[in-house]
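The chain contents come next:
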Amino acid sequence: MQGSIRQMIKDKKEKQQSRSKIVEKIVPGILLICAIISVLTTLGIVFTLIVETITFFSQVSVIEYFTSKDWYPFFESDPDYGIWPLISGTLLITGIAMLVAVPFGLGAAIYLSEYATDRVRRIIKPILEVLAGIPTIVYGFFALTFVTPVLQNVIPSLPVFNALSPGIVVGIMIIPMIASLSEDAMSSVPNAIREGALGLGATRFEVAVKVVLPAALSGIIASVVLAISRAIGETMIVTVAGGATPKLTLDVTESIQTMTSYIVQVSLGDAGFGTTIYYSIYAVGMTLFLFTLIMNLVAQYISRRFREEY
Amino acid sequence: MKTIMDEKKVVKAPRPEEKKKEVNTVYSIENFNLWYGKDQALKDIKFDIPEKQVTAIIGPSGCGKSTFIKALNRMVEMVPIVRMSGDINYRGKNIFENKYKVEDLRTKVGMVFQKPNPFPKSIYENVVYGPKIHGIKNKKILDEIVEKSLKGAALWEEVKDRLNENAYGLSGGQQQRLCIARCLAIEPDVILMDEPTSALDPISTLKVEELVQELKKEFSIIIVTHNMQQAARISDKTAFFLNGEVVEYSDTNQLFSNPSDKRTEDYITGRFG
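Just so you know, the protein sequences line up as chains A and B, in that order. Residues in the first sequence are numbered consecutively from 44, following the working numbering. Residues in the second sequence are numbered consecutively from 248, following the working numbering.
Wrong hints could be hidden among the right ones.
As the list claims (entries may be wrong) - Taking CB as the label site, the calculated pair distances span:
1) 164(A) - 412(B): 33 to 41 Å
2) 282(B) - 335(A): 33 to 41 Å
3) 164(A) - 344(B): 25 to 33 Å
4) 170(A) - 395(B): 46 to 54 Å
5) 384(B) - 150(A): 24 to 32 Å
Claimed, not checked - Below, simulated SDA-like cross-link-like pairs (lysine to any residue); rule was C-alpha separation at most 20 Å, straight line:
6) 346(B) - 247(A)
7) 253(A) - 383(B)
8) 348(B) - 238(A)
9) 379(B) - 252(A)
10) 346(B) - 332(B)
11) 362(B) - 235(A)
12) 253(A) - 349(B)
13) 293(B) - 498(B)
14) 253(A) - 369(B)
15) 384(B) - 257(A)
16) 253(A) - 411(B)
17) 379(B) - 352(B)
18) 395(B) - 371(B)
19) 379(B) - 248(A)
20) 285(B) - 275(B)
21) 355(B) - 297(B)
22) 362(B) - 252(A)
23) 346(B) - 297(B)
Worth flagging that the hints you see were computed from the coordinates, not collected in a lab. Even for Gly, the Cβ is constructed at its ideal location relative to N, Cα and C.
Bound-form chain A, shown alone:
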């Protein structure tokens, strides 16, 4: 019996040999092409961004871009191209979003990983993931037609377009991201460590906050930084509900404009091809890209630096 199976395998091997040799040679090549395509696409996008940004800065001085406090590209006689109002709008939205998303997201993560029974977790996690799958345009109209009117009941002077409402809704949008990634990080902390703490008379809350949270810190920080970068890049919600008034302000009740919503505004046809305004969206896009790139690098650095090995 043993001999015959050995023989069968040998026969099969011989038959397949020529074919498998070709497969072994071709497959890595195809897979390499797949990898190269994504790298090339990224390089192509970055290249376009850089070229068009250079064109923009041949028409507008870099100094004005970084020092002027005004962003009025549509003034025909004397347009101003100072990026700060758009950055402040973006950071304002991001700040509000994080104030909403971090406490709720972390709270949800701690609940799911430390308190929830398996049954509850199996129900809540998919719901959270559905929340992550809602198109952002829906969130945008949720902000404009539901959250803003509710807020106007509290703050009567609040204009229809403001930073507060889309900020809160961007926060709601990224709760599942923080909750889900942080929960993954916390669930992967071994149970033996929890038992060690419980065995010393720690309450479940003390175990969660003083053992599990620090052990999962790198994963949690990475999730928060990724969420920040997501909030910075968020477009539809702020375009729909945030307004189109670039303003260097920290007042959350004012109408603002973010980098992304400026790009949308121009792309929708307010400026012709080849004009300075047209090129400005690339400069803004480049700025945005640098922000998210830095955030992602920070996330990577942090998750390496603060890892508590277990």
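Given the coordinates of chain A, work out where chain B should sit on it, guided by the hints.
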């Protein structure tokens, strides 16, 4: 058998003076039953565990010895499908009573686990974790606790110069002694040990065994072990568990030299298990 007997004599030598002491009871277990879902893991357990002695729990795999020791600090409740009946009295109070706070119990009854499970923190932070959650914040007192606990766990000399290094850089045996030090830091009354040497090499095992002999001067120790020689070497009392029941419970001396139950004899002479 002969080797067990020989080793026992060495350990038992200082016994007579102990016998003069009056022996208090730390745990008194009364008709305790435990089920995992429909499977009964512990059946009608009934015996008393003495203070400041080493009580060994032996028996083959799956006999319920780990379940039993985890019931003593209610760690077994971590398993959601567990059901229990009967009483476990710790210092005269039933630990399953509603008003009994499980955190209070575990503060007095420390536990050392099968695999070393230090926190992913520095050696220092591992030891002070217990005192800190129980409200001790004074840096000077904490420093003293660290030195005392690590000395108590016979680890101080090896780690005193690297207290701020991560505990995961220690060897398995050192990690286990760190876990013992972590336990000692809150000065418990009882220390439960669930096969504390099963993941250690022989030299580390020896160190932990010597440590147990030291610790019983101050603490009551209940140790689950797979290793009968170990039970014979280090314990004063031994309970033999089989299929969730206590077959025999007596002085270690008695149990190993003159077991009263045929099944105990079969087990300790290596006929099964």
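Hint by hint, here is what the structure shows:
1. Distance hint check: the CB atoms of residue 164(A) and residue 412(B) are about 36 Å apart, consistent with the given range 33 to 41 Å.
2. At about 55 Å, the beta-carbon gap between residue 282(B) and residue 335(A) misses the expected band of 33 to 41 Å.
3. At roughly 31 Å, the beta carbons of residue 164(A) and residue 344(B) sit within the given window of 25 to 33 Å.
4. At roughly 50 Å, the beta-carbon separation of residue 170(A) and residue 395(B) lies within the given 46 to 54 Å, and the hint holds.
5. For residue 384(B) and residue 150(A), the Cβ-Cβ distance of about 26 Å falls inside the hinted range of 24 to 32 Å, so the restraint holds.
6. Between residue 346(B) and residue 247(A) the CA atoms are separated by roughly 18 Å; this keeps the pair inside 20 Å, and the hint holds.
7. With a CA separation close to 15 Å, the supplied pair residue 253(A) and residue 383(B) stays within the 20 Å bound.
8. Between the alpha carbons of residue 348(B) and residue 238(A) the distance comes to roughly 17 Å, so the proposed pair stays at or under 20 Å and holds.
9. A distance of roughly 13 Å separates the Cα atoms of residue 379(B) and residue 252(A); the hinted pair therefore holds under the 20 Å criterion.
10. Restraint check: the Cα-Cα separation between residue 346(B) and residue 332(B) comes to about 17 Å, which is no more than 20 Å; the hinted pair holds.
11. For the proposed pair residue 362(B) and residue 235(A), the alpha carbon gap of about 8 Å is at most 20 Å, so the pair holds.
12. Taking the CA atoms of residue 253(A) and residue 349(B), the gap is near 19 Å; set against the 20 Å cutoff, the hint holds.
13. A hinted pair counts as satisfied when its Cα atoms are at most 20 Å apart, and residue 293(B) with residue 498(B) qualifies at roughly 16 Å.
14. Between residue 253(A) and residue 369(B) the CA atoms are separated by roughly 14 Å; this keeps the pair inside 20 Å, and the hint holds.
15. Under the criterion of a C-alpha separation no larger than 20 Å, the hint pairing residue 384(B) with residue 257(A) is consistent with the structure, at around 19 Å.
16. For a cut-off of 20 Å, the pair hint linking residue 253(A) to residue 411(B) stands: about 17 Å separates their Cα positions.
17. For a cut-off of 20 Å, the pair hint linking residue 379(B) to residue 352(B) stands: about 17 Å separates their Cα positions.
18. With a C-alpha separation of about 12 Å, the suggested pair residue 395(B) and residue 371(B) falls inside the 20 Å cut-off, and the hint holds.
19. At roughly 14 Å between alpha-carbon atoms, residue 379(B) and residue 248(A) fall within 20 Å of each other, so this suggested pair holds.
20. For the hint linking residue 285(B) to residue 275(B), the alpha-carbon distance of about 26 Å lies beyond 20 Å, and the restraint is violated.
21. Under the criterion of a C-alpha separation no larger than 20 Å, the hint pairing residue 355(B) with residue 297(B) is consistent with the structure, at around 16 Å.
22. Restraint check: the Cα-Cα separation between residue 362(B) and residue 252(A) comes to about 23 Å, which exceeds 20 Å; the hinted pair is violated.
23. Pair hint residue 346(B) plus residue 297(B) does not hold up; C-alpha atoms about 25 Å apart against a cutoff of 20 Å.
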